[in-house]
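**Student:** Chain residues, written in single-letter form:
Number of protein chains: 2
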Amino acid sequence: MKNFEFHNPTRIVFGAETVGRLDQLIPAQARVLILYGGASAEKTGTLAEVRQALGQRSVQEFGGIEPNPSYETLMRAVQLVRAEQLDFLLAVGGGSVIDGTKFVAAAALYDGEPWEIAEQGGANIRQALPIGTVLTLPATGSEMNSGAVVTRKATQAKLPFRNALLYPRFSVLDPSKTFTLPAKQIANGLVDAYVHTIEQYLTYPVQAHVQDRFAEGLLQTLIEIAPPAVATPDDYATRANLMWTATLALNGLIGAGVPQDWATHMIGHELTALYDIDHARTLALVLPALLDVQRDSKRAKLLQYAARVWDIRSGSEDERITAAIASTRHFFEGLGIPTRLSAYGLGPDAVEAVLRQLQAHGMTALGEHRDIDLARSRRILQAAL
Amino acid sequence: MKNFEFHNPTRIVFGAETVGRLDQLIPAQARVLILYGGASAEKTGTLAEVRQALGQRSVQEFGGIEPNPSYETLMRAVQLVRAEQLDFLLAVGGGSVIDGTKFVAAAALYDGEPWEIAEQGGANIRQALPIGTVLTLPATGSEMNSGAVVTRKATQAKLPFRNALLYPRFSVLDPSKTFTLPAKQIANGLVDAYVHTIEQYLTYPVQAHVQDRFAEGLLQTLIEIAPPAVATPDDYATRANLMWTATLALNGLIGAGVPQDWATHMIGHELTALYDIDHARTLALVLPALLDVQRDSKRAKLLQYAARVWDIRSGSEDERITAAIASTRHFFEGLGIPTRLSAYGLGPDAVEAVLRQLQAHGMTALGEHRDIDLARSRRILQAAL
Chain A
145 MKNFEFHNPT RIVFGAETVG RLDQLIPAQA RVLILYGGAS AEKTGTLAEV
195 RQALGQRSVQ EFGGIEPNPS YETLMRAVQL VRAEQLDFLL AVGGGSVIDG
245 TKFVAAAALY DGEPWEIAEQ GGANIRQALP IGTVLTLPAT GSEMNSGAVV
295 TRKATQAKLP FRNALLYPRF SVLDPSKTFT LPAKQIANGL VDAYVHTIEQ
345 YLTYPVQAHV QDRFAEGLLQ TLIEIAPPAV ATPDDYATRA NLMWTATLAL
395 NGLIGAGVPQ DWATHMIGHE LTALYDIDHA RTLALVLPAL LDVQRDSKRA
445 KLLQYAARVW DIRSGSEDER ITAAIASTRH FFEGLGIPTR LSAYGLGPDA
495 VEAVLRQLQA HGMTALGEHR DIDLARSRRI LQAAL
Chain B
145 MKNFEFHNPT RIVFGAETVG RLDQLIPAQA RVLILYGGAS AEKTGTLAEV
195 RQALGQRSVQ EFGGIEPNPS YETLMRAVQL VRAEQLDFLL AVGGGSVIDG
245 TKFVAAAALY DGEPWEIAEQ GGANIRQALP IGTVLTLPAT GSEMNSGAVV
295 TRKATQAKLP FRNALLYPRF SVLDPSKTFT LPAKQIANGL VDAYVHTIEQ
345 YLTYPVQAHV QDRFAEGLLQ TLIEIAPPAV ATPDDYATRA NLMWTATLAL
395 NGLIGAGVPQ DWATHMIGHE LTALYDIDHA RTLALVLPAL LDVQRDSKRA
445 KLLQYAARVW DIRSGSEDER ITAAIASTRH FFEGLGIPTR LSAYGLGPDA
495 VEAVLRQLQA HGMTALGEHR DIDLARSRRI LQAAL
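Protein chains in written order, with the working numbering: chain A, 145 to 529; chain B, 145 to 529.
Incorrect hints may have been included.
[What the hints assert, rightly or not] Which chain A residues stay away from chain B? Per the calculated CB distances, all over 10 Å, these:
(1) D167
(2) R175
(3) A227
(4) D455
[Unchecked claim] Pairs of lysine-lysine residues, derived as BS3-like cross-links and limited to a Cα-Cα distance of at most 30 Å, are as follows:
(5) B:K187 <-> B:K146
(6) A:K187 <-> B:K146
(7) A:K187 <-> A:K297
(8) B:K328 <-> B:K187
(9) B:K187 <-> A:K146
(10) A:K328 <-> A:K297
(11) B:K297 <-> B:K187
(12) A:K328 <-> A:K187
(13) B:K328 <-> A:K146
(14) A:K328 <-> B:K146
Honestly, the hints are just simulated from the structure, not real lab data. Bear in mind the structure is a predicted one, so any value in this text is a computation, not a measurement. Note that beta-carbon positions come from the ideal geometry of N, C-alpha and C, so glycine has one too.
Starting from the given sequences, assemble the full structure and let the hints guide the process.
**Tutor:** Structure representation (structure tokens):
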């Protein structure tokens with residue numbers, strides 16, 4: 145096990161009928177900005193519930209934060225925060241809204257051009273407004289971590305940043321708020337949480353028994369709950385497991401003390417930036433191909449993954465690895481999520497376009513061994529055609 | 145899954161050579177009291193390392209906190225804290241030292257007779273001094289939770305208390321600090337962490353897939369690492385897994401959103417108070433007997449435990465349950481920890497003595513169903529003879 149620090153101060157308020165707790169969670173004197181995405185927050189009644197819980201507080205609202213939240217949109221929120229001297233940000237939505245809120249929280253107090261925050265990965269954040277969240281879409285884990293991703297439309301750049309100042313003070317997780325989500329979003333959320341777990345698990349062994357068992361438990365849970373999660377929108381228990389699993393997949397716990405990969409994410413980000421493919425869907429495109437190309441350096445963990453997660457225990461090592469990768473691909477496809485670029489009409493030209501973006505963003509040494517250079521990224525993308 | 149709140153603000157600093165981090169973790173102006181137990185903290189050099197890390201800070205020391213820390217001892221520390229106006233408590237030791245430090249942290253600022261804190265389970269704590277810990281004995285999880293147990297020698301009362309103000313600000317976990325521990329302490333630690341996990345897992349199902357998988361992962365890890373943990377004191381990787389597993393077994397995570405038992409602990413506390421048997425050893429006495437007596441109400445989870453933790457999948461339900469309980473007993477006995485009261489020379493008289501203590505302390509409705517009354521506690525204790 146590697147040395148590590150783990151400190152996650154976010155308070156989780158989990159369960160049905162918990163939105164009303166906002167009244168105790170946000171200071172009575174706070175000047176609140178509610179940030180949200182599209183019309184669904186209003187339509188489902190969640191915004192009304194939030195407004196009611198905030199009572200007599202001074203509240204403003206900022207809607208229209210898009211999937212893959214853009215610098216261009218978020219800077220309008222930053223101007224509002226500054227103009228109105230707002231001092232508490234409440235994100236109501238999924239990972240995009242929460243990520244965008246994190247950018248606003250840091251940018252509003254940043255002394256300089258806020259895009260530098262993304263360019264420097266958040267290392268230059270010195271202060272941030274406090275954030276709370278009401279999660280309506282389980283997937284990214286942003287509700288209990290300090291990271292975010294922001295996109296600059298003008299340059300098609302999608303960059304991650306993180307800083308301990310960006311942990312939400314609290315996150316309200318009410319699984320019943322997911323009942324109205326389209327099945328596609330649930331499928332995306334399952335894949336997103338699955339790949340988050342894989343990025344921190346499927347590397348090389350460092351005798352971190354607990355982290356391995358926890359990661360395997362998350363993967364097994366996602367596989368178990370996937371069918372009812374998609375088929376039965378109002379199955380509270382299933383949605384509760386999905387929500388808590390997605391949070392635990394990226395709250396720092398399973399990644400503490402172990403090597404991490406994240407190459408699938410970095411390559412996937414470019415696919416989203418270039419072709420506007422949903423984040424989770426880009427992960428499903430890249431991961432199976434990456435596991436195949438990296439099967440030698442990931443051999444020991446791939447065999448463990450095959451045995452413990454998929455119960456694949458017979459055949460040669462390479463047969464077991466191939467079967468585990470096929471099971472992974474089948475899991476994604478079974479959720480209606482393609483694992484081939486051709487499903488999006490993309491071919492060899494797209495491979496080269498992604499490589500140019502990776503080069504432009506300095507993504508030339510990815511993965512837990514930093515051995516995924518542009519040549520290897522090309523092999524991975526070609527394997528995903 | 146039940147509704148829950150999870151908020152654990154303790155910062156974990158984990159790994160070899162991490163004691164030096166104290167200099168950044170404790171405010172430079174702090175007036176520190178180092179609290180510790182016996183002579184080993186000095187002999188192993190840990191105290192010297194701690195003193196060096198604290199540099200020029202004003203530091204006082206209070207040694208002699210005993211296993212099952214006593215009110216009588218701790219009140220002397222309280223007097224020292226008050227007289228010297230100390231404002232930061234640093235526990236260097238295992239669960240007893242940390243528990244004792246939590247009592248001192250609350251008692252020093254308590255307006256009234258501090259024993260009331262134990263009598264009211266901590267609900268009357270309004271403020272507490274900040275605490276940090278340097279963990280030297282993995283077992284109780286006190287380094288990352290808000291609970292503690294304190295004993296009043298005069299009345300043989302051993303009472304738990306908890307309050308969110310008692311989370312350590314940080315805990316330094318250096319697995320190499322455990323190399324010098326006697327094998328008996330390691331065996332105790334393994335059993336302690338195992339039973340902590342069982343108390344939050346082996347109740348009845350509430351469709352909490354993640355919590356179940358995490359608990360099973362902790363149990364599997366403890367079973368895997370037990371032989372090398374005892375046999376090879378300086379096996380860093382094994383000790384690292386033991387340390388992190390014991391912390392995760394009782395930091396609120398696996399218990400969030402699920403029913404909890406704790407009857408084994410409550411009965412065990414009385415055995416410690418009356419006969420001075422090590423805490424973990426009392427758990428090994430009570431648990432197998434309790435599982436047998438409660439096999440009907442715990443049936444579904446006992447079967448899951450049998451299958452997933454012990455790979456017991458054939459035979460009738462009752463055969464599988466019996467085999468799982470036998471495996472549990474065998475695991476404890478294999479660590480040199482008895483599971484029968486007779487091993488301590490205790491017989492039917494002890495059963496009645498424990499029952500009188502349970503009655504005196506109001507422990508007449510224990511377990512996840514509150515159905516362990518004195519009659520059932522008698523059956524459990526008789527089954528442990």
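**Student:** Confirm or reject each hint.
**Tutor:** Structure-based check of each hint:
1. D167: Its Cβ never comes within 10 Å of chain B, the nearest being 15 Å, so this holds.
2. R175: holds, 24 Å
3. A227: holds, 33 Å
4. D455: holds, 12 Å
5. B:K187 <-> B:K146: violated, 47 Å
6. A:K187 <-> B:K146: Answer holds: K187 of chain A to K146 of chain B is near 27 Å, not above 30 Å.
7. A:K187 <-> A:K297: holds, 28 Å
8. B:K328 <-> B:K187: holds, 18 Å
9. B:K187 <-> A:K146: Status holds; Cα separation ~27 Å.
10. A:K328 <-> A:K297: holds, 24 Å
11. B:K297 <-> B:K187: holds, 28 Å
12. A:K328 <-> A:K187: holds, 18 Å
13. B:K328 <-> A:K146: Within the cut-off at roughly 27 Å; holds.
14. A:K328 <-> B:K146: OK: K328 of chain A and K146 of chain B at ~27 Å, within 30 Å.
Hint check: a violation occurs at hint 5 only; the rest are consistent with the structure.
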